[in-house]
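Q: Those protein sequences? They're chains E and S, same order as listed. Per my numbering: the first sequence = residues 1 to 406. Per my numbering: the second sequence = residues 1 to 406.
What the hints contain is simulated information worked out from the structure, not anything from laboratory work. Note that the structure is a prediction, hence the values are computed from the model and not measured. From the three backbone atoms N, C-alpha and C, an ideal C-beta is built for every residue, glycine too. Just to be clear, a hint being listed does not mean it is correct.
[Said to hold, decoys possible] Short derived list, chain S residues pointing at chain E, Cβ under 10 Å:
#, residue
1, Asp50
2, Gly54
3, His56
4, Glu61
5, Ile78
6, Phe96
7, Ala224
8, Ala250
9, His318
10, Pro321
11, Gln344
12, Asp346
Protein chains: 2
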Amino acid sequence: MQTPILDPVACSGLSRRNFLRIAAATSALASVPVLTESRLAFAQRPKFADPNKGIHIDANENPLGPSESARKAIAEIIPKGGRYEFPMQMELGETFAKMEGFDPSYVDVYAGSSEPLHFTVLAFTSKDKPLVIADPGYEAPMWAANISGAPIIKVPLLDPKGAATHDVKAMLAASTTPGVIYLCNPNNPTGTVTSREDVEYLVSKAPKGTVILIDEAYIHLSDAQPSLDFVKDGKDVIVLRTFSKLYGMAGIRMGFAIGRPDLLKQIATFGGQNSMPITAIAAAKASLIDTDLVPTRKKLIGEIRAENLAWLKSEGYHATPSVSNCFMLDVRRPGKEVYAAMAQKDVYIGRIWPAWPNCVRVTVGSREEMAVFQKTFKEVMSGSTAGLEPQPIHERMRETPFAYLS
Amino acid sequence: MQTPILDPVACSGLSRRNFLRIAAATSALASVPVLTESRLAFAQRPKFADPNKGIHIDANENPLGPSESARKAIAEIIPKGGRYEFPMQMELGETFAKMEGFDPSYVDVYAGSSEPLHFTVLAFTSKDKPLVIADPGYEAPMWAANISGAPIIKVPLLDPKGAATHDVKAMLAASTTPGVIYLCNPNNPTGTVTSREDVEYLVSKAPKGTVILIDEAYIHLSDAQPSLDFVKDGKDVIVLRTFSKLYGMAGIRMGFAIGRPDLLKQIATFGGQNSMPITAIAAAKASLIDTDLVPTRKKLIGEIRAENLAWLKSEGYHATPSVSNCFMLDVRRPGKEVYAAMAQKDVYIGRIWPAWPNCVRVTVGSREEMAVFQKTFKEVMSGSTAGLEPQPIHERMRETPFAYLS
C-alpha cells in the first residue's frame, strides 16, 4: 500500500508560494470560484485560442453534441423562455427518479454536476474534516476544500502503470475523520474503473458521517456498475450525474445530485435549486427517454477509444486502460512540452497532472479529430520539444490558482 | 421615521414555531435552498396547477418571452451544445462591460441573478453583521441570511400608501454593523422607485465595509437612474442585473453581478463562474446588442401597466405607483382570500406579504391576460371570499420555509 502524504503542499503539486497565496486568498474567501472541466481546459488554452479553429480534445467534451431529440426539444421550448417553468424542472427529477426506482426526494436537479460537487465539499469538509481524493484525479474538489479550510489528502492511484484504480484502502487509512472521500468512477483523467468490490469496501468501511461523493460523470461510457444502490440503501453516499459527457450537453448544462434527502438539503443550502434553464431541462428529458442514446454513443466512443489506444500501443506508447472518453498518455518527456507543441499546431490536448508530469490527458474526439491528433502527435514526437512552455493562461484565469497546471 | 423592529421573528412575519424550525434547520445548514422568484411563485400554486392553463401573473415573468433575435441565437447555437464554450461566456461579460464603460473584471456572468444575490448575502452577513432589507421587499435575501446566521432587520417602506420607497434613513439607523443593505430598485413587489438622491445618501452614509446590494432586476422597465456609477467610483456596491424580466428570459437563465473585482471574487467563492448555458449566453448577447428591445418593451409594458392602474383606480382600488411590471393591489380584505378565489378561476396572482396582509402582488401580463385578470377580479370582488384559503403548497415546497406565504 502506498502511504498517502499528508502535507497538503507536498501532495497537491502546488509550490509553497502558490499554496500560501491560495491560503491567504481563502482566508478572505476570495479567488476560488467553482472549478469546472471547462475552466480547467480553457485555463490551459492560449489567450486567443479560437474554439472554432483546431482540434479541441482537452475538456472531455463530446463532439457529437446533443442528440437529435435533445436538439429538437431545445428548439421547441424556446418560445416558453419567458417562464420559469418550475414544474418542468420537478418533472425531470421525477422522471430520472422513476427510471432508477427512487422517490423523487432523492434527486436534485442542477445545471451540471460542478455546483453540487462544490457544495458537497463545502458542506461536509472543514478544518477538522479533510477531503480525501485520488491522484491523479479530478481537481475541482480541492478548490472547494481550500474554501472550507479542509486539509486535502491526495492518495496515489493503485497500480499506476496498470489498472490505475482508486486505492480505497489507502484512502480509508488517510484520515480518521474524513469529511468527504471523493471517488470519480470511471476516473478523470485516467478513464479507469474502480471495481464494485472496492467501492463497496470504501462505503462499508468509511467512518460514520463521512460522505462518499461518487462522481459518475463518465459512467454511461463504461460497463462499470453504478453506485445508486448505496443511496437507496441509505448510505452516506452522494452520486453525481451529468449530461455533459455521453449526452453531449456540456454547454447546455444539466446534472443530478442523488442522495438521501437530508444530505441533498445540506448541499442545496449553498445555492441549490436555482431555477434551471428550460432548454437544458427539455434536452435532458428528451435524452433520458431516448433509450438508444446511451448504447449507441457508448459503442461509437468505445470504438474510437479502442482504435486510438491500439494505435498508440503500436507506436510504442503506454496509455491508461480507459473505459471512458479520456485517457492519460505517457509521453516519456515533460507533458507540458508535448501539450505546448501540439497547441502550436492547433491540436489542444491536456491537461497535465503534477503527480504524473510525463503524461498528458487526451479526450476521445471524433474519428476525424483523432486522425488529426494521431498525425500531429507523430510529428511532434518525432522532433524535439525540449524547453517548450505552454503559452500564458488566459487573463481572466491568471487570478485563479491554475498556474500549476501549465 | 418609522422605527425598524429588531426581533427577527417579530419582523419576519414568521410564526415563532416556523422560525425555530428554520433556525434548527439552519444550524444544520439544511432546508434553505436559493430562493428565486419562480420558487416563491410556484410555492403558492396548488399542487397540480398546470402552467399551460390559466393566466399566470404571479412571478413577474414577461409573457413576451425572448426577443426574436434571442430566439434565433438560441436556435443557432444548439449544434455547439456539446462544448463548454467558455470564451463565449467571457465575451458576454466583456460586451456588457464595454457598453457600460467598465473593465471586464467588474462583471461576472451568472445564470440569472438569484445565485449572486444568495452568495452576496452568504459572503457579507454573519451573526454580527445583519441583513437590512425593506418590507415589503423581495424575500430571497432573508433565507440566505438565515443560513449565514445573520439577524434580519426589515424596515418598512416609507409612505406606504403613497410613494412606497425605501426608507434609507431608517435602513441606515437599523444597525451600526450591517453586513448587507439590500435595495431592490424598482422595488419588488411594489414596483416603486427609490430616488437617486436617497440611493446616493444610502451609499455615502453606510458604514465602511457594508455592502450595498442594489438589485436592478426591474431597472429596464423604468426611468430610474441605474446605480452602476457607484461601482465605477469604487464604492462597496454590488449591482445585480437579470435577463429574466424585460428581456423575457426567465427560463433561459442569464444575469450579471457588477462590482469591484475584490467583491465579486468573494461572492464567486460560494459557487460563481460555473459554466453557463450557451443558449443563455447567445440569447443574452443578441438581446444586449438589440438596441430597440429595451425602449420598445418598456413602452408596451408601461402602457399595459398604466391601463390597469387606471382601471383599478376607476374601480376604486388603490395600487402602488409602479413603474415596473408588478404592483401591490390593496384588496381591502385578506389578500390570501382574493388570491385563492382568483386561483379557483385559474387566474394566478400573488404573492402576499405579511406586512401588508390586505394587498396582493399582481404582475403586468399581456393585454389579453390583463383583460382576463380584470374580468375575474371584478367577479371575485363582487362576491364574498370570506374564509377562503389557498390550496396546499406543492409537495416539494412544503419542506422549505414558505408556509407563511400562503
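Q: For each hint, tell me whether it holds in the structure or not.
A: How the hints compare with the structure:
Taking 10 Å as the C-beta cut-off, the interface hint given for Asp50 of chain S holds, the closest approach to chain E being about 8 Å. With a cut of 10 Å, the hint placing Gly54 of chain S at the interface with chain E is violated, because the nearest CB-to-CB distance is about 13 Å. Hint status for His56 of chain S: holds, given a least beta-carbon distance of 7 Å to chain E, under 10 Å. Interface restraint check for Glu61 of chain S: the shortest CB-CB distance to chain E comes to about 5 Å, inside 10 Å, so the restraint holds.
Using the Cβ-Cβ criterion of 10 Å, the hint placing Ile78 of chain S at the interface with chain E is satisfied: the shortest such distance is roughly 5 Å. About 14 Å separates the beta-carbon of Phe96 of chain S from the nearest beta-carbon of chain E, more than 10 Å, and the hint is not met. Using the Cβ-Cβ criterion of 10 Å, the hint placing Ala224 of chain S at the interface with chain E is not satisfied: the shortest such distance is roughly 22 Å. With its C-beta approaching chain E no nearer than about 5 Å, Ala250 of chain S sits inside the 10 Å limit, and its interface hint holds.
The interface hint given for His318 of chain S is broken, as the beta carbon of that residue sits about 29 Å from the closest beta carbon of chain E, more than 10 Å. Because the closest C-beta pair between Pro321 of chain S and chain E is about 25 Å apart, greater than 10 Å, the hint is violated. Annotation: interface hint on Gln344 of chain S violated; nearest CB of chain E at approximately 19 Å, more than 10 Å. Given the 10 Å rule on beta carbons, the hint for Asp346 of chain S is violated: about 15 Å separates it from the nearest Cβ of chain E.
Checked against the numbered hints given earlier, the structure breaks hints 2, 6, 7, 9, 10, 11, 12 and satisfies all the rest.
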